[in-house]
Structure formats: C-alpha cells, structure tokens
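Colleague: Starting from the given sequences, assemble the full structure and let the hints guide the process.
Residues per chain are reported as follows:
There are 2 protein chains.
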Amino acid sequence: MLKQEFLERKMKLVCEAMDERGIDMWITFSREGNEDPLAEDLRFDNLTWRSAAIIERDGTRTAIVGSLEAELVEGRGVYRKVIGYGREGAAPGLNEFVTKRRPKKIAVNSSRDLGEADGLSSGMEGYLKAALKEYAKRLVPAEDLAIALRARLIPEEVELLTKSIRECEKVYDELEGEIRPGRTDKQVHDAAHLLLEEKRLPPAWAPDHCPSVQVGSVPAGHLGFRGAEITKGDMVKLDFGVKYEGYCSDIQKVYYVGGGSIPEEVKRTFASARGANDAALSILKPGVPGWKVDDIARRLIVKDGFPEYKHALGHALGRSTHEIGPLLGPRWPNRYGKQGEKKVEKDMVFTIEPSVEGKAGTCNLEQDVLVTAKGCRELSKSQREIIRVG
Amino acid sequence: MLKQEFLERKMKLVCEAMDERGIDMWITFSREGNEDPLAEDLRFDNLTWRSAAIIERDGTRTAIVGSLEAELVEGRGVYRKVIGYGREGAAPGLNEFVTKRRPKKIAVNSSRDLGEADGLSSGMEGYLKAALKEYAKRLVPAEDLAIALRARLIPEEVELLTKSIRECEKVYDELEGEIRPGRTDKQVHDAAHLLLEEKRLPPAWAPDHCPSVQVGSVPAGHLGFRGAEITKGDMVKLDFGVKYEGYCSDIQKVYYVGGGSIPEEVKRTFASARGANDAALSILKPGVPGWKVDDIARRLIVKDGFPEYKHALGHALGRSTHEIGPLLGPRWPNRYGKQGEKKVEKDMVFTIEPSVEGKAGTCNLEQDVLVTAKGCRELSKSQREIIRVG
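Protein chains in written order, with the numbering used here: chain G, 1 to 390; chain B, 1 to 390.
Hints may contain errors.
Since the list can't tell identical chains apart, any single copy or any two copies may satisfy a pair.
Result set (EDC-like, lysine to aspartate or glutamate): computed pairs, CA atoms no more than 20 Å apart in a straight line [said to hold, decoys possible]:
1) K163 - E198
2) K359 - E308
3) K12 - D347
4) K10 - D24
5) K104 - E56
6) K170 - E16
7) K374 - D24
Calculated from the structure, these hints are not laboratory results. Note that the coordinates shown come from a computational prediction; the quantities given were computed from them, not determined experimentally.
Modeller: Here it is as structure tokens:
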C-alpha cells in the first residue's frame, strides 16, 4: 500500500495533472467484490457498498459511502468530508455534490489501454451515469491522473525501488551457482523460490513464472520452466524480480554454460541485444513518446538480421511490475492502442527489454532505468558481457 | 482459490444455469491490472494482455490469450483449446470464434447489483463490443452463472465452510475471558488478532474491522473498535469470522458484563433478536425470494417497538464473506437494486443477522445456515441466551 505520507505528496502531482488537462473532478467509484485497483492507494479500500472518492482540482477530497462505513473512512484521515447514505443509495448524494460544483470535465477510471486505470466496472458505470444525469456527458478517462499517482515516483519511492533492485540482484548472485550442467530449469526456478523464502521477499509477479528460466533455443513465453536440463554450450536466460516494501524490480540476465570459447552466434546475439538497449537508453528522456524508444531498438535488431520481437521494449515500473504509464512499445493499435503515443516523464522508471531471438537462444538484457531531467540513469547494473557459468 | 476438482464439478451447475436461461456462451474478459474477480476460480488469473475465457452451454471451454501466455494457460489444463494472438490483438480471434458459433445470448460479467459478477471493466467492455460487432447486441449479464459458480456449494465446500465456522467458534470461546470490566474494545480486538496469528488463520474480512467490538449503546458501523472501556452492566457485541482453506465464516455474539440480574431492557432486546432470527429460519427454503426472509424478521422487530435495521437481514457466504447470491434484504431499489428478488436455492449458505437497536446496546445474533431441499440447517451454533462474562 502507498504510504499515507507519500499519498499526500503525490496528490500534488495528481492535481497538477488535473490542472494541465482542465479536469475539475476525479471520481473513483468502487465497491466490494470488484474493488477499483486504485482504491487502496487512495485509502478507499475494503468498503462494502457503492463508494465514491472525489478529488477536486484544488485538492479537496470528499467521500460518499454507505452510512455504516462513514466512521471507518473518516478514521483513515484522507477525506475532508465524508457523506454517508442510507436506503436512498449513493445516487442522490453523488448528484447533489456534482450539481453544486458544475464541473466541466469529470475524470473516471475508464481506460481502453491501461488495466489499472480501468477500475470502473460495467455495472458501476451504468449506475454512475444514471446518477449524474446530464453531467454523465462530461465524463473523461482519468488515465493521466492515474499515471501521475502511480508512475511518477517521489524520491523516497525511487529509493525503495532501488532497494528492490539491489535485493533482486543479490538473489541473482546467489543463484548463479545453480545454473550448471545437470541441473534442470525447474531446479533453478525452485532455488530462486527458496532464496525468496529465506529473505522473506515476495516475487514481483505470479510465482509460477517468476523467475522464468529458459534453457537454449525455446519459444518465448510467460512460463516458469519447461522441464529442460542444462547442458554445456547452452544459453540460459532468467527473468526475475522481487517486491520490496511494495516496490517491484524486474531484471533479465543471460548466461553461457561451460568453458571454452563462446560461439560466434551467441556473441552476435548478445551484441545485438546490448546495442539495442544502449540505443534505447540514448534517447530515453522526458518528452519523447514511448514508441520512439521502442522503434530505435527494434530497427537495430532487424538490421542485425534477427526477427522483430513480439512485445514492447519496456514498461513503467513501480508498485506493479507492469506499472501503468507510457508504454515503450510499438504502434500496433490493435494490440497496444495508444499506449506508445504517451510521452515519457521525469521520475518514471522503465524497463528496457528488447529480445533478440538468436539461433542458440533468446537474449534479453532487461534493465531498470530512471528518467531524469535531461535523460536517464541506470538503476540496475547493466549486463555488458555474457555471464559464464558451470 | 477454488480447487480444480471442485471447479470441474461446479461447471455442471454453471452449464445447467446456462441451459435454464437459454445462454449459449459465457465470456469472462480480463487483463492485468484490473483482473476479473472470477478469473482465479476459472484458472484464468495472472494474465497480462486482454484474455477471454469462453464457456459454452455444452461445457466446452476455450481461451483466447496473448501468444506469449498460450503455453501457460494450456498448462493449467482447464481450457480445451487455447488460441494465442499477436500484434493483431484479441479482437479478430474473438470475432471469429463468436461468428462461427452464432450464439443467441452471450453472458458477460456486468451486473448492476453484484460486485463480484461485475468484473467487466468500462474499457474492456468497449473493446469487446467493438470486437463482437453485431453480436454485441446479444450480451446479457452473467449474474446467475456467477452465482451458480460461487454461491451454490458442493458437499466438500459445505464441509470446509463448516470447519471455518468451527474455527471461528473456537476463537470466540478462547476470547470470552478477555471481555471483562477494565478491558477496552481495542484490547479484545487485538486479542482476537493474536489468536488468529497463533492459529495461522486469516480474518474473514478486512482486519481493521474483523472483529468489530461494540461496547454498550453506540451507533452501528463497520469499525474494529472505538476506544471504549468495558464496565459492569455493559452489553458487548462482537462481529467476527475467519477464513479456513479459503472459506469464510461470519458470526456475531452478544454478551452481558457482570453478575446480578440482567436488566429487562437487555432481555427484551435479546428476545426480539432471537425471535427475528427464528422467524427468518422458519421460512428460509428453496424458492423463497430473499426479501421475504428479511421482511418477516424486520416486521417482528418493528412490532416489538425497536427501530427498523438499516441493512439487509443476511447475505450468501462462501469463499467471500459477502458472497454474491440472492440477498436476504429489503426492497430498497436505490440501495440494493433487485438483489432481494432473486430466489434462495438449495446448497447456498446464508448469514441471518437482523439487528435490534435497544437502549442498552444493539443485539445481533448472526448465525450461518445451509439451505437444504426443504428448509435449512444451522451450521453455526445459534445463540439462545445472552452470554454472561466478567
């Protein structure tokens, strides 16, 4: 959960974003059974009946909740005014509040492209529109406000995220000895889980594919393992992250098993991946649209004679591994909508992870980087050479 | 998570419900960041991109997912066919599938009244409707299918839920000594949490108000405690439940603190609550609409001279504390919609919890009961006398 002190400070970023976009009011409308994913951040979680968290452009926060939960919400100390309703339901209070304020634009959590900014459910949307009557025409997506809340990190959050990266790198270091001939991908996967248990760290995403261990040339996929044995001459790739005080890391590393000289094909694959990452880093800065960062890396890899990768170059990182934000991804509107059109902003953290599918295996040197005022800063150690193991 | 073996058997209940309602196809359409609350039950959780779980009336199950996760979903062994998509997105596959089948009614997770059956989000609904083109007109709410999946329990589930109730009752027994003069409501609340930790049981709902400890005559509310000290002559009410292997219990008990004879007002309050519960139990059986069960208890309490309670008489119980299902609640359409119109079905478990707000405090003898073929069976021990403590 977002610390309350952080929330107060991030509210300023949210209100700035409202101001820039002429949005007067942001309504998060949630209830039990299908809670809005932003409710927890907004200290609006675990409420039973239809509940509206209303943030106004000047920062005023008002809650409309079932009367039996008004005291609970007041106690959380985030909403200046808490309006409880009884058998009349949430609609009259909502209508009265909005009608008094006469907002021109009301943001709600509806988003074609971003799951975490799409917390308004179908039935709740119908109820809200009926309650707001003529004001229902003034609803706009709150995407950019949700991004301000989630993806723009304050310095304390960057510090926690950096610690998450350090913890992830420590697990990688301790795991290295497990990657050797005779071991299976499943044994490496299980060893990582043991280390997580010892360190009392949760994985950054679903444990069945965190870490994902890929041995040799196999199809890409979100899979923990396939039951393959590691042998000399294999390329091995791990994709792994941890959660540290709620902040996620997400790193990939590539290994070569066995002594002797590294085959040219492996070297060539690695070099293309490194080049693609470095090209992306060279243009990542505030104001650049996400697709351009993807594009430079994608072109390089194709120019090197490898197939185009089937995913995005990178995503925002924060309290979710796939944090909402601009996507460093291609202009594939049917798949990614307009996510790649959004511009990179200062204080966002992104993964950089173009894949190079070589004949000996896939190389992906995923690293985590912070966008600074004029460029970016590597938060994780970038892999500049293939790691020899076994 | 619903056990896979249970899921296979509950699918029959779902398909029966589809058949009865002439529904040809049920689409659960989910993605990362705002997962459909039914996705986990359907072994469709933790997927990144737009993913459709399609259940047909004959039981056939098909998944349409991002190609990088096709293998992951296949591995879960629940979907006979898994269709992966690439940069074209989910729409073409969805359209092709539906067009081939020509369904008359397609159920989706949209519900005005039931949160857990309302997992289709605003942005996903827009995407789905565009993908289905003319078939978008054939969408209907999947409420009753979700209720069949969640609220109709197979015998093994009833057994687990009964164990949850036993564990809850054990905590109540061990906690009894803590309810005595000089203790505060907070100390009782904290003592319950300690017992939960010892037993490694999670609370059935949010820990900040599970248990809820109310001392004397205070306004009702979802609150853990208010900072009151327990003194002789107080009525004390606890509302508490645990989760056991994923199944929830939900029980309230009422205590009288100190020796001496119990005041008439307390006795009268207790008797009205007991009478209301018994009246509700006397008519709870398959086929009765939920509102009637509420109504008989509500009338009795008002007839006894107490105020009408501000909530529903009871709710379904299962893997959620407030499980979706028919609501044993009043016809307050602005608050509860048509939840009270739905009919009680065999193999559902309900709480029975009308409140009697007496001058000395509120009495609520919440108990958990199973609907049988011809009536109902008490799963928790019903409280027939006020418990003396201190």
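Colleague: Of all the hints given earlier, name the ones this structure violates by number, lowest first.
Modeller: Result: hints 6, 7 break, sorted rising.
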